[in-house]
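Visitor: Protein chains in written order, with my numbering: chain A, 1 to 663; chain B, 664 to 1326.
Hints in this document: simulated from the structure, not taken from any laboratory.
For each residue, glycine too, the CB sits at the ideal point set by N, CA and C.
Be aware that a few hints might be false.
Said to hold, decoys possible - The calculated lysine to aspartate or glutamate pairs, modelled on EDC-like cross-linking and capped at a C-alpha distance of 20 Å, are:
{"hint": "1", "chain 1": "A", "residue 1": "Lys-603", "chain 2": "B", "residue 2": "Asp-1175"}
{"hint": "2", "chain 1": "B", "residue 1": "Lys-1277", "chain 2": "B", "residue 2": "Asp-990"}
{"hint": "3", "chain 1": "B", "residue 1": "Lys-1266", "chain 2": "A", "residue 2": "Asp-512"}
{"hint": "4", "chain 1": "A", "residue 1": "Lys-526", "chain 2": "B", "residue 2": "Glu-983"}
Claimed, not checked - Computed far set for chain A versus chain B, every beta-carbon distance over 12 Å:
{"hint": "5", "residue": "Glu-43"}
{"hint": "6", "residue": "Pro-60"}
{"hint": "7", "residue": "Arg-76"}
{"hint": "8", "residue": "Arg-118"}
{"hint": "9", "residue": "Asp-309"}
{"hint": "10", "residue": "Thr-494"}
{"hint": "11", "residue": "Arg-508"}
{"hint": "12", "residue": "Gln-537"}
{"hint": "13", "residue": "Thr-606"}
{"hint": "14", "residue": "Thr-622"}
{"hint": "15", "residue": "Leu-634"}
{"hint": "16", "residue": "Gln-646"}
Protein chains: 2
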Amino acid sequence: MSSQPSVPVDVARLREVLDGRWAEVREAHRTELDDSFLPVYGETGDQARERITGLLPRLPVTMGMPAAFPAEYGGRSDIGASIVATEMLAQVDLSLMVKAGVQWGLFGGAVLSLGTRRHHDAYLRDIVAGDILGCFAMTETGHGSDVQQLRTTCTYDPATQTFDLHTPHQAARKDYIGNAARDGRMAVVFAQLITNGQRHGVHAWLVPIRDAAGNPMPGVTIGDAGPKAGLLGVDNGRLSFDHVTVPRDMLLDRYGQVAADGTYSSPIENDSRRFFTMLGTLVRGRASVGGAAAAATKVALTVAVRYGDIRRQFSSPDAEREVLLNDYLAHQRKLLPALATTYALHFAQAELVAAIDEVQGGDGPVDEHRQRELESRAAGLKAAQTWHATRTIQMCREACGGAGYLAENRLPGLKADTDVFTTFEGDNTVLLQLVAKGLLTGYRDEFGSLDGWGRASFVAEQVREMVLERTAARSLIERLVSAVPGRDEEVAVTDRGWQLKAFEDRERHLLDGAVRRLRNGASTKKDRPFDIFNDVQDHVLAVAAAHVDRVTLEAFVAGIEATSDPAVKALLSRVCDLYALSVIEAHKGWFLEHGRLTPARAKVITAVVNNLLKELRPQMGTLVDGFGIPPTWLHCAILREEADRQEAMAAHDAAGDPQTVAA
Amino acid sequence: MSSQPSVPVDVARLREVLDGRWAEVREAHRTELDDSFLPVYGETGDQARERITGLLPRLPVTMGMPAAFPAEYGGRSDIGASIVATEMLAQVDLSLMVKAGVQWGLFGGAVLSLGTRRHHDAYLRDIVAGDILGCFAMTETGHGSDVQQLRTTCTYDPATQTFDLHTPHQAARKDYIGNAARDGRMAVVFAQLITNGQRHGVHAWLVPIRDAAGNPMPGVTIGDAGPKAGLLGVDNGRLSFDHVTVPRDMLLDRYGQVAADGTYSSPIENDSRRFFTMLGTLVRGRASVGGAAAAATKVALTVAVRYGDIRRQFSSPDAEREVLLNDYLAHQRKLLPALATTYALHFAQAELVAAIDEVQGGDGPVDEHRQRELESRAAGLKAAQTWHATRTIQMCREACGGAGYLAENRLPGLKADTDVFTTFEGDNTVLLQLVAKGLLTGYRDEFGSLDGWGRASFVAEQVREMVLERTAARSLIERLVSAVPGRDEEVAVTDRGWQLKAFEDRERHLLDGAVRRLRNGASTKKDRPFDIFNDVQDHVLAVAAAHVDRVTLEAFVAGIEATSDPAVKALLSRVCDLYALSVIEAHKGWFLEHGRLTPARAKVITAVVNNLLKELRPQMGTLVDGFGIPPTWLHCAILREEADRQEAMAAHDAAGDPQTVAA
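Produce the entire structure from the sequences given, and follow the hints as far as they go.
Guide: Okay, here's the thing in structure tokens:
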């Protein structure tokens, strides 16, 4: 029913391309994590927490998440390896990945990035070894997105040379804090620093929250966030501080120091700028969450594609057996564009991880422009990958029918566990706003601020003329784009240059429009500064989404260019066509509205997409096998059982049992 | 920040309009179902099953789901009341709703519809009273959508005057069966009837599966479907039959009888036609699932809207306190179109329920054309409502941030419990195909068949010229549509006639295109009958979706027309504008591609939608209050606590505590 591939693809070669630079880390996880690391279906919250805590010390160290720490503390200063390890854990058990992410990424990462030598020497070795479990206590019940406005205070008293950490009211309670409800011995607590009667913005302290016996420290109240949609193995909790005394040297003081007499000093003068510089060092958290969401999506797609290749339903007049789900156009329309998008995002994520590793991994000072561009990219890709995960895992569960609703078939856990990724480590909508703000201001001034409103008129005046900054394979993409003739209609829709130009046109036009509308607003709505931004918020978010789409396509194109195996390259090129044309098809309203597509060409795109589905149909299995997920990791009953059932039924039908064959 | 409504709306009047004809049933539930019926967060599967089973006998009877049964068995022959009662239970606890739906809708409904007097007299009273709990054992592991191909057999033996019920292989195992794993004493089992060596298609038998002590009957193997994504309180199980003897009179023989000597007779000669007539009597199952999904969506929207009206984040230069979530355009863009769609679907559902009540509730013979049209409408609205629920509840959970991920805030349960609705009682994609087939063939011949493939060429030849059948307020809608001048550009996009015409144009054009493509395919692909349909499957599904959109808009328009209160009518009219224009905006690619919209007018629509959001912003609370959900039923911690927290924070900030105010 479908055309055959012209060149057979060696799955091992495809996997090599996808495994990329940290292939060794991926292989270490595939080899070391056996069945005992897989989720247990139907366990209670207490059972899940117990099990996950027990697994933590058994995880790979130098080839795992702790790889990011310096060798002297047990790692090997490999930031990229640490993010890739997070992706791998996400395919095994998402509770385990989050628990490990809290311990080594957030908690340990904060001590490493915000602390100084004395904190490192005193704690990092135990943190890496998992002997001190800890929390990252930033979010409060009252402030999740706008963390610059945290209400917890930490006030220095020169007389005692200690800080007084305090939760002034219930909205200032630390909330959703991983590792808090059960296991955490210490916490990095974020609070407003006050000394000598002056506030200096949000800083972080390393604070013991439980004693050796596991009881809360004096003045610390610990609550449980209770049952959640998923991530049962993670002990999210709530922390309140009733005038808790914190020694002066527990301030993580890389970016701000308090002298014994209470004098404050910092290499960064502006409070807000300092805070977002502190947050910036934590950029790999967002890259890890985005990568983990993508990794879980690959598991879901592997389950749905593999099931669709054995599950049959409804007979066809031209086949003896019933039709495989994957042979239906509607099923291909669900699975294949999602698979193509997953491939595209994979290359974008790989590029992001390499860039973080390069920018943050060196010994010298970090290039500020690159750092901000990186924060923006991590934010945008985190939003794109987590929403893609939520949509795609949902679709995969539906594509498996009632079986997809049973825990034993893995999909319910993947859906429930990843669900929170769209709003943690930054709410996706807020993150896209941050991306747009970076584009609008050229990453100038307080870019990191999540607050798009406070100084709207300022930003409106600052918006720059659009300059597209390419992230990947700059010269190749320039060449492809500039080779497209002026009259689009003459170019095939599968021309890569035309596709790149279409993505770029959309981003550029949307950005220009946002600039124009913000400037108009700044002059006509001077008395309503909130409305200047709010009236264009939908437009601004569209800019960010278009930007992420472009960055993703460019990364995919660069990834294909770097592929040497011709068969793999040819396959990836068709997948890239499907990705690019699916995005254009999904936004054809915009392209038609702005004269970028004629109606006739829009119809051609739909026809070409359908042809691509036919062409890629026989490659669906290869495409998911390329993800390299060990079969046991799929942990899915229907994949183990359905083929046998179909065989049993076919054999029984063929045997002509009078009870089952029509008279 | 937003304009005020011109006429104040009395919420009680709005609720009256929404409560509609079965307001009394709604009120009975609101009054009778106290806190003890609400979900318990964090319980185990066993605890949930125990609790739900215990609640079943406490539910309203004559004002509840059993109302559909005749008075002599404990009901009052009120089919509409029964569906509305299902909607109400869905707002209390979805496990309870599904458990009750299995007992009274599926199991009891099958005995009533497929059985005859002797079955009714023997069992219905106990079924209505909940003294016999039962299952609806249709789906098999191997056949869920294509239930005409079930593999379980039931073979008559004239010598013993009994049937032999048998599961020939593991693909024929009954699966996902509610009430099977724990509570069911009997089951309506669907199987292939064989008598005198001949097959007569699928029939149903009433079969005891457990004895009085709760042990499986001889030859019956009962398994547990295990943990699921949600619906923890429903004991879904698996049934296998090893040559189980079933007495002759346990055949539910309304549509097919087996005489003592094994002679088969039926008022409907064709096996397939008979089977789909049998299924047709169960149409209210789909209407109930669609209505339940919509009801749960209303709970989620009430939570998210009410939270967005108290939750603040990010400061604004022109306000003392931080900004309410609902004041952000991006938040309005998420919540308000979903709210408008929920309103539109509410009126479509109300119209469907009234139509089912009218067509099936009478004593005379059922009008076949109307019955088929009804099945199609129930299928289409079930798909639309359940997908809307999945998308909207997901969006609401994200709109509540991290709080939306905690079980105590209700949304995780709503999401997980409704998730399966998109694939049970008919997979949505398969149902839309059924809708399209009805439109293509004018509801002729085997319309009920879910199999779009087997006789594709036949169907392709049968496709009729398009005749739009209006379901609601026929003359009003004709008048509105015909009043639209030929040149669309001269009419405001808020003109109701223009909106109706746009929906109708889309459906008509898509249907014409599908007819043309099927006819072309039938002549050019004679040797590939599967491809005739498969190559246009995406197009055919688009026809169905456009049809459901049109039916929904027409029902909304009819509902507004029937509203007497002027303020309520004015508000509903604006909500209807938002619904209609959101749908057109979402499909603007199609409208532009087909010359139904100019680019300029497409941009006007986006601007008008944004204006409608501003206009409706102050009414968001009123709109959710109109759903009439008792506050305790919301069962949501953030709604109880967040307002107090915001007050505490505001008071603290205002008090100028030196620890919390910037120096």
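Visitor: Hint by hint, which ones does this structure get wrong, listed from lowest number up?
Guide: 5, 12, 13, 16
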